[in-house]
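Asks: Now for the letters of each chain:
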Amino acid sequence: QVQLVESGGGVVQPGTSLRLSCAVSGFTFNSYAMHWVRQTPGKGLDWVAHIWHDESNRYYADSVRGRFTISRDNSKNTLYLQMNSLRAEDTAVYYCARDSVIRQVPKYGMDVWGQGTTVTVSS
Amino acid sequence: QSALTQPPSASGSPGQSVTISCAGTSSDVGAYNYVSWYQQHPGKAPKLMIYEVSKRPSGVPDRFSGSKSGNTASLTVSGLQTEDEADYYCISYAGSNNLGVFGGGTKLTVL
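Protein chains in written order, with the numbering used here: chain A, 9 to 131; chain B, 112 to 222.
It should be emphasised that the hints constitute simulated quantities derived from the structure, not laboratory data. One should not assume that every hint holds.
[Said to hold, decoys possible] On the chain B side, residues computed to face chain A include the following (Cβ under 7 Å):
(1) Ile202
(2) Gly206
(3) Phe213
[Claimed, not checked] Pairwise CB distance ranges (calculated):
(4) B:Gln127 - A:Val10: 30 to 38 Å
(5) B:Pro125 - A:Ser93: 47 to 55 Å
(6) B:Ser180 - A:Gln9: 36 to 44 Å
(7) B:Thr136 - A:Lys51: 33 to 41 Å
(8) B:Gly141 - A:Lys51: 20 to 28 Å
(9) A:Thr126 - B:Pro125: 33 to 41 Å
(10) A:Gln123 - B:Pro168: 39 to 47 Å
(11) B:Thr187 - A:Ala31: 34 to 42 Å
(12) B:Gly141 - A:Arg73: 33 to 41 Å
(13) B:Asn144 - A:Lys51: 23 to 31 Å
(14) B:Gly181 - A:Lys51: 41 to 49 Å
For each residue, glycine too, the CB sits at the ideal point set by N, CA and C.
Please work from the sequences and hints to get the whole structure.
Replies: And the structure:
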């Protein structure tokens, strides 16, 4: 069964850090690019970052570049999002998602999603 | 990195067809055939409905179709059913720096 399970969310103060994890099962993790997407309560979807299947490239939205780092451990079938210098506007549900193409440049067809983990940044 | 433009709402009666637009620019929607559409029911994760403008993943009913003309992509839902009532989002690959840009979302109501 193909499954993505996020963890690591919580309530943190502005300026602090948090690391999200996404445990993957049911498919060959190292063949797929992976994305983080977030959704502010009651609002729309916001693409955050992606990392290629072989870790050779990673890209970020302007709003998080320089503060967030996406990484993966293909030996542990796990995707990460290190979030530093958190701001109130980073409050959201964070989803990890699999890009549907195999060993190619991601094309933003995200065919498998986790259930999301909630991050709240508040003083 | 500007968001794609979608109408905030759309509606139709059961059995009818409805089309949701997703307007971008010549740097994203117009430049690449990498537009995807997602359906999201309240409290649920998004679900991929269309990828690469017009391709349907297995399991998605053929009532859902996608197209593109110039800088605007469209999602058409034919033969509307009550379970189609949801939020729909488009996203396009946006070229330089491999960025992804979502639309603001469209709430589809089945009357």
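Asks: Taking the hints in turn, state whether each one holds.
Replies: Now the hints, each set against the structure:
1. Evaluation of the Ile202 of chain B hint against chain A yields a held restraint, the C-beta minimum of about 5 Å falling below 7 Å.
2. Below 7 Å, beta-carbon pairs count as interface contacts, and Gly206 of chain B has none with chain A, the closest being about 11 Å; its hint is therefore violated.
3. Given the 7 Å rule on beta carbons, the hint for Phe213 of chain B holds: about 5 Å separates it from the nearest Cβ of chain A.
4. Checked against the hint of 30 to 38 Å, the C-beta distance between Gln127 of chain B and Val10 of chain A comes to roughly 34 Å, which is consistent with it.
5. Between Pro125 of chain B and Ser93 of chain A the Cβ separation comes to about 49 Å, which falls inside the hinted range of 47 to 55 Å.
6. Judged by the Cβ atoms, the range 36 to 44 Å given for Ser180 of chain B and Gln9 of chain A holds: they are separated by roughly 39 Å.
7. Checked against the hint of 33 to 41 Å, the C-beta distance between Thr136 of chain B and Lys51 of chain A comes to roughly 22 Å, which is inconsistent with it.
8. Taking the beta carbon of each, Gly141 of chain B and Lys51 of chain A are about 26 Å apart, inside 20 to 28 Å as hinted.
9. Separated by about 35 Å at the C-beta atoms, Thr126 of chain A and Pro125 of chain B satisfy the suggested range of 33 to 41 Å.
10. Checking the proposed 39 to 47 Å range against Gln123 of chain A and Pro168 of chain B shows it is violated: the Cβ atoms sit about 19 Å from each other.
11. Distance hint check: the CB atoms of Thr187 of chain B and Ala31 of chain A are about 37 Å apart, consistent with the given range 34 to 42 Å.
12. The beta-carbon spacing between Gly141 of chain B and Arg73 of chain A, approximately 24 Å, falls outside the hinted interval of 33 to 41 Å.
13. Restraint check, Asn144 of chain B to Lys51 of chain A: a C-beta distance of roughly 28 Å satisfies the suggested window 23 to 31 Å.
14. Separated by about 28 Å at the C-beta atoms, Gly181 of chain B and Lys51 of chain A break the suggested range of 41 to 49 Å.
Against the hints set out earlier in the document, violations occur for numbers 2, 7, 10, 12, 14.
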